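For reference, the chains in residue letters:
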Amino acid sequence: MTALSALIRRDIRIALRVGGGALIGVLFFLTVVVLMPFAVGPDLALLSRLGPAILWLGALLASLLTLDRLFMADHEDGSLDLITMSRTPLELACAAKALAHWLAAGLPLIVATPVLGLLLNLDMVATGAVALTLLAGTPALTFTGMIGAALAVTLHRGGLLMAVLVLPLSIPVLIFGVAASQAVIVGPMTFGAPFSILCALSLVSLVVGPFAAAASLRHGLD
Amino acid sequence: MTLIDLANPTRFLALTARVLPWLAAATVILLAIGLYQSALAPDDYQQGATVKIMFIHVPNAWLSMFVWGVMSIASLGTLVWRHPLADVAAKAAAPIGASFTFLALLTGSLWGRPMWGTYWEWDARLTSVLILFLMYLGLMALWRAVDDPSRAARAAAVLTLVGAINLPIIKFSVDWWNTLHQPASVMRMGGSALDKSFLIPLLVMAIAFTLLFVTLHLAAMRNEILRRRVRSLQMMQASRIAFSGESGSRGEGASNEVGAA
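For the protein sequence lines, the chains are W and X, in the order given. Here the numbering used here is used: the first residue of the first sequence is 1, the next is one more, and so on. Here the numbering used here is used: the first residue of the second sequence is 223, the next is one more, and so on.
What the hints contain is simulated information worked out from the structure, not anything from laboratory work. Some hints could be false.
As the list claims (entries may be wrong) - Just so you have them, the derived chain X footprint on chain W, three or more residues with Cβ under 8 Å:
no.: 1; segment: 60-66
no.: 2; segment: 118-127
no.: 3; segment: 163-170
Stated by the list, open to error - Heads up, incomplete: computed chain W residues facing chain X, CB under 8 Å, no partners named:
no.: 4; residue: Leu155
no.: 5; residue: Arg157
no.: 6; residue: Ile175
no.: 7; residue: Phe176
no.: 8; residue: Ala179
no.: 9; residue: Val208
None of the values given here were measured: they were computed from a predicted structure. Ideal Cβ placement from N, Cα and C applies to all residues, glycine included.
Work the whole structure out from these sequences, hints included.
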């Protein structure tokens with residue numbers, strides 16, 4: 001347990017310090033959201049209707065882009081080999097790394113959501129709904145994306161290929177995240193049903209992600 | 223002869239060389255019967271002659287999912303049992319599965335044009351098949367991105383299994399999304415029991431297409447094994463030239479390596 005918490009603390013510290021690049025994700029998120037009005041026009045009514053979708057797409061892309069480095073930096077300096085060889089199960093170590101990554105890179109996205117909601121003309125309730133769905137849904141993005149990151153480090157390929165592989169897998173999260181937010185703003189639907197499914201997706205990915213990533217690392221690194 | 227006996231590629235090649243002609247013949251015969259029967263099948267009272275697209279479309283759609291299942295079993299073979307032919311099977315199946323998925327989409331959209339008045343509708347089934355197609359393409363891109371086959375095999379196996387877990391979830395969520403966005407705008411086939419005059423040709427076609435897949439898959443696996451043998455022979459030749467011919471034959475070795483690449 002101490003080994004895992006030490007791993008989490010180390011990863012967060014690295015991510016937040018110079019060269020870590022966790023906060024670039026927030027900057028990217030901001031930039032994507034700012035770009036949107038230029039594409040669809042500065043119509044506030046339209047923006048508030050598209051708001052949840054824009055925020056969710058921005059968060060999806062931001063969390064995907066920062067994931068690229070999840071294992072790569074550790075692989076380059078050799079600490080990934082130490083983690084693989086240590087007595088801590090690799091599955092738990094992967095889960096700890098993903099948790100640290102979510103705390104350092106995913107949580108800032110949710111903190112930034114209210115500010116971006118103002119730009120998109122979302123009211124208080126809508127912004128709260130989007131932030132809540134992001135809080136429930138981004139762990140699923142991180143833990144699914146971790147599989148892609150593990151494949152990336154074993155193949156020495158990153159970037160576009162991994163995005164192509166991981167993005168289809170994150171479609172369910174996107175669907176239910178946007179559905180739950182829309183349910184609060186306009187929908188005839190209740191908020192509870194899509195939100196519970198979103199939480200379920202996060203929990204499933206919490207189980208599947210570490211095992212798949214650990215399998216990929218164990219078979220891929222030699 | 224069990225599965226483990228097939229681990230020897232030479233034995234596999236010998237066996238498939240004997241089996242393949244029979245499989246191909248059975249495929250051709252069944253396909254001919256199926257096509258003949260579907261041509262004779264009566265027109266639907268609502269859909270007219272376009273209902274005959276179904277005889278091609280449904281087997282393709284069925285195989286698009288079946289092939290992913292085959293690849294998942296092969297991936298288990300790669301990761302769990304380390305069966306040497308499992309990654310060959312997985313690699314050979316991906317392009318075939320992608321083709322079946324593409325044909326299912328294409329015939330579906332050709333059917334949709336007269337029936338729905340549009341080539342593309344964001345219908346739940348169409349959308350989830352499209353996502354399946356994207357995942358096939360991603361998997362093929364993964365195979366092509368890495369030059370070492372065994373390394374690519376393990377990565378692709380992990381991805382295939384994750385996809386196998388995820389595909390039902392995607393299917394379910396797309397269904398949800400579709401009912402949320404456009405309730406009941408699309409007429410649906412199925413649900414009601416098919417008439418016998420449609421069912422029998424459809425079953426024959428489904429079996430014929432499955433046989434077609436098995437034939438193509440075995441042939442593609444043979445090609446992949448032979449391709450790997452050629453590759454390793456080229457590597458051996460290249461290394462022999464590189465290590466022996468330090469004097470004089472360097473130019474020849476370079477030209478050979480270009481030919482190998």
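Evaluation of the provided hints:
no.: 1; hint: 60-66; verdict: violated (count 0)
no.: 2; hint: 118-127; verdict: violated (count 0)
no.: 3; hint: 163-170; verdict: holds (count 4)
no.: 4; hint: Leu155; verdict: holds, 5 Å
no.: 5; hint: Arg157; verdict: holds, 5 Å
no.: 6; hint: Ile175; verdict: holds, 5 Å
no.: 7; hint: Phe176; verdict: holds, 6 Å
no.: 8; hint: Ala179; verdict: holds, 6 Å
no.: 9; hint: Val208; verdict: holds, 6 Å
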